[in-house]
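Novice: Given next are the chains, with one letter for each unit.
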Amino acid sequence: MNQILYLWPFVRLGLSDVWRHKTRSFLTMLGMVFGVGSVIAMLAVGEGASQQALDSIKRLGSQNIMVMSVKPTTEDGGNTGSQRGSLAVYGLLYEDEERIKETVPGVTLTVPARMTRRNARLGERQLEMRVVETNPDWFEVVQRPVLAGRVLGEHDLRMRANVCVLTEHGVRRLLAAEEMIGQRIRIASGVFEVIGIVKNETGGTVRAPDSEADAYIPITTGTQLFGEANIRYSAGGMEGEKVELSQIIVKMADTEAVEPGSKAIEAVLARFHKKRDFRIDVPLTLLREAERTKRTYNIVLGAIAGISLLVGGIGIMNIMLASVTERTKEIGIRRAIGARRSRIVVQFLINTCVLSIGGGIVGLLLGVSIPLLITAFTAMPTVVQPYSLVLAFGISVGIGIVFGLYPALRAASLDPIEALRHE
Amino acid sequence: MIVCGTEMPRPRSDEVVRLDDVMRHYLVGDEVVRALDGVSFSMRKGSYWAIMGPSGSGKSTMLNILGCLDRPSSGAYWLNGENVAEMDDNQLSDHRLKNLGFIFQSFHLIPQLTVGENIEVPLLYLGLPHAERRYKAEALAERVGMSHRLRHLPSELSGGQRQRVAVARALANDPAVLLADEPTGNLDSATSVQIMGLFQELYEQGKTVILVTHEPDIAKYAKANIVLKDGRILSLHGEGV
Ligand SMILES: Nc1ncnc2c1ncn2[C@@H]1O[C@H](COP(=O)(O)OP(=O)(O)OP(=O)(O)O)[C@@H](O)[C@H]1O
Ligand SMILES: [Mg+2]
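Order-wise, the sequence lines are chains A and B. Numbering-wise (numbering that gives the first Met the number 0), the first sequence opens with residue 0 and increments by one. Numbering-wise (numbering that gives the first Met the number 0), the second sequence opens with residue 0 and increments by one.
No lab work stands behind these hints: they were computed from the structure. Please read these numbers as outputs of a predicted model, since none were measured by experiment. One thing to keep in mind: the hints can contain errors.
To list a few chain B residues with every Cβ distance to chain A over 12 Å, as calculated [said to hold, decoys possible]: (1) Asp13; (2) Gly66; (3) Arg95; (4) Lys97; (5) Pro110; (6) Gly158; (7) Gly159; (8) Gln160; (9) Ala165; (10) Glu203.
Here are some chain A residues pointing at chain B (derived, C-beta under 7 Å) [what the hints assert, rightly or not]: (11) Leu6; (12) Met179; (13) Ala375; (14) Ala378; (15) Pro380; (16) Pro415; (17) Glu417; (18) Arg420.
Ranges of calculated distance between the beta carbons of each label pair, as one might list FRET restraints [stated by the list, open to error]: (19) B:Ser157 - A:Glu417: 26 to 32 Å; (20) A:Ile303 - B:Gln111: 46 to 52 Å; (21) A:Leu364 - B:Gln111: 27 to 33 Å; (22) A:Val396 - B:Asp216: 45 to 51 Å; (23) A:Lys21 - B:Gly196: 20 to 26 Å; (24) B:Gln111 - A:Ser368: 31 to 37 Å.
Virtual Cβ for every residue (Gly too), placed ideally from N, Cα, C.
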């Protein structure tokens with residue numbers, strides 16, 4: 000407390016010095032303002048982006064491995080497997096699911112799914128939906144809150160029931176305000192009773208298993224109604240593809256098992272698929288990659304911000320050196336009166352810190368408002384983390400001390416007699 | 000403080016200042032300038048001295064050493080019974096802060112501080128609390144007749160007024176010795192008389208006053224004087240030896 004009281008007159012002196020040279024101080028502080036401001040703003044933007052990415056990856060489930068059918072490219076051999084007319088046959092099979100379940104260690108659950116885009120209608124309203132033919136385990140693996148009704152059950156599968164579960168967005172667009180549960184909607188050639196509505200959380204940079212407007216139906220019903228071929232009629236004639244399973248979601252016992260699991264799946268599938276008509280996505284790997292990217296991103300941002308702070312610091316040092324020359328005589332007077340060298344150092348350090356902290360505070364305000372503006376105008380998420388404010392303040396004090404030290408030491412090292420003689 | 004030679008006697012208790020064979024040499028290129036070339040004398044507490052001599056005779060050099068702004072190249076300087084010649088920079092600073100008061104020819108007030116704040120500077124370094132500093136500064140300004148100008152800047156004062164403020168500041172730490180280097184050098188004769196009157200008062204109140212001057216009129220106020228020439232004492236007489 001005593002120390003603070005002792006320092007106060009020097010702080011006031013520093014403030015009045017800064018005030019006396021308003022223009023100069025303002026220009027000097029600008030360096031700090033932009034330095035600190037950019038540190039906070041960049042961290043906020045970076046954090047916002049990476050949190051968004053991480054969130055969407057986490058929603059995929061970090062214990063899951065997603066195996067997907069992909070149409071082989073033509074250079075890769077064009078239509079693979081048997082070929083009838085222009086019907087392309089490729090992709091994952093029930094056998095693949097069985098093989099994975101039996102040979103890959105650590106698998107707790109596999110969920111087959113076939114996805115097609117089909118028209119759904121309710122009276123006048125029409126909507127193209129993604130129809131996911133799957134079994135009840137889907138909801139085990141892709142956990143989403145049930146908003147109304149229930150999800151698919153085993154008996155629906157056994158009975159090949161004409162029931163469907165819709166996603167929230169799909170419901171809103173198809174059913175609008177009408178009573179949802181129990182409605183009958185037409186999907187392609189079948190009529191389905193809506194038995195439940197689940198929340199969906201799509202978006203972000205990573206493909207989630209669910210999409211905007213999904214209709215989940217028992218895979219048995221789907222096979223019976225639609226078969227496994229998806230045929231489109233176009234101007235050139237009939238064009239179609241036959242995919243037994245669009246996707247197999249494999250749930251592993253724990254996150255440790257995910258990476259070896261994905262390698263094992265890769266090996267199993269590669270043995271039975273002559274062409275590369277599948278893809279394996281590991282959310283955990285994506286997560287790790289995203290975290291790595293985030294780190295790199297932070298380093299780059301940090302370096303840029305660091306350079307601007309460095310420039311700000313050099314600006315301050317420059318001004319302080321000029322100030323030392325300008326105030327040589329004052330230093331001489333203070334030394335003659337009996338100020339120790341250390342007190343001259345303290346006085347000048349406080350002076351620089353007033354500049355750098357002043358700039359730091361304005362920069363802090365700038366750094367907090369820029370992300371707000373970005374979010375307001377571009378809908379890009381930004382997260383200003385409390386630590387970055389502490390960091391910015393710490394940095395400005397640090398810059399003040401580091402770049403103020405040399406001028407302060409120079410001031411203190413002046414010979415009092417020489418300094419007094421200075422005009 | 001343990002000091003070198005046995006032949007160097009410790010000063011008597013009433014000697015506030017004592018120099019034993021003090022030299023101050025400057026090396027300018029290859030040439031040695033002997034600004035002080037073996038000076039010995041002592042001054043009693045409460046004496047009033049004028050240091051005289053032609054330009055370049057070493058007056059300022061001697062005052063700087065007496066004022067602990069400089070150290071002798073050799074010899075001993077006893078201030079209040081302590082040998083200052085071998086002290087480090089911090090100890091010298093502390094001596095200036097506690098035992099000495101300076102008055103300069105060109106006043107040397109800090110231009111951006113008010114009169115009151117200028118007087119407070121030594122009190123600040125002495126660590127006095129705010130209220131006490133205020134109170135003391137006002138009393139000191141009163142003493143030199145400047146209490147009506149406490150909130151003025153030095154640039155708003157006349158030369159004589161500035162020198163009064165400088166005297167008030169020099170007195171702030173209640174120093175044992177007051178040192179003045181040509182205190183009237185920048186003042187007209189009427190103002191000089193006023194300032195010398197102030198010194199006279201301080202002397203009468205028991206302060207040791209040492210002033211450097213080359214004006215015999217000013218030197219007359221002192222009770223003793225030293226005349227320097229080429230860094231040596233040419234003559235030394237008066238009361239207080
Ligand atoms: N820093 C220095 N470096 C070299 N020589 C110096 C230095 N300071 C003083 N001198 C020399 O020492 C001698 C004494 O100087 P000093 O300033 O003490 O004289 P002075 O008696 O005060 O003169 P004046 O009446 O003109 O003020 C002079 O010859 C001067 O050139
Ligand atoms: Mg001189």
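Novice: It remains to establish, for every hint, whether it holds in the given structure.
Specialist: Structure-based check of all given hints:
1. Asp13: 25 Å, holds
2. Gly66: 7 Å, violated
3. Arg95: 4 Å, violated
4. Lys97: Given that some Cβ of chain A is not farther than 12 Å from that of lysine 97 of chain B, nearest at about 7 Å, it is violated.
5. Pro110: Not fine: 8 Å to the nearest Cβ puts proline 110 of chain B too close to chain A.
6. Gly158: The claim stands: glycine 158 of chain B keeps its Cβ more than 12 Å from every Cβ of chain A (closest is about 17 Å).
7. Gly159: 19 Å, holds
8. Gln160: Label holds. Min Cβ-Cβ 18 Å, cutoff 12 Å.
9. Ala165: 10 Å, violated
10. Glu203: 25 Å, holds
11. Leu6: Not OK, violated: leucine 6 of chain A not within 7 Å of chain B, min 11 Å.
12. Met179: 74 Å, violated
13. Ala375: 45 Å, violated
14. Ala378: With Cβ-Cβ at 52 Å, over 7 Å, it is violated.
15. Pro380: 49 Å, violated
16. Pro415: 5 Å, holds
17. Glu417: With Cβ-Cβ at 10 Å, over 7 Å, it is violated.
18. Arg420: With a closest approach of 10 Å, the arginine 420 of chain A hint is violated.
19. B:Ser157 - A:Glu417: 26 to 32 Å: 29 Å, holds
20. A:Ile303 - B:Gln111: 46 to 52 Å: Once the Cβ atoms are compared, 39 Å apart, the range 46 to 52 Å for glutamine 111 of chain B and isoleucine 303 of chain A is violated.
21. A:Leu364 - B:Gln111: 27 to 33 Å: 29 Å, holds
22. A:Val396 - B:Asp216: 45 to 51 Å: At roughly 57 Å between Cβ atoms, aspartate 216 of chain B and valine 396 of chain A fall outside 45 to 51 Å, so the hint is violated.
23. A:Lys21 - B:Gly196: 20 to 26 Å: Distance hint for lysine 21 of chain A, glycine 196 of chain B is violated at roughly 43 Å.
24. B:Gln111 - A:Ser368: 31 to 37 Å: 35 Å, holds
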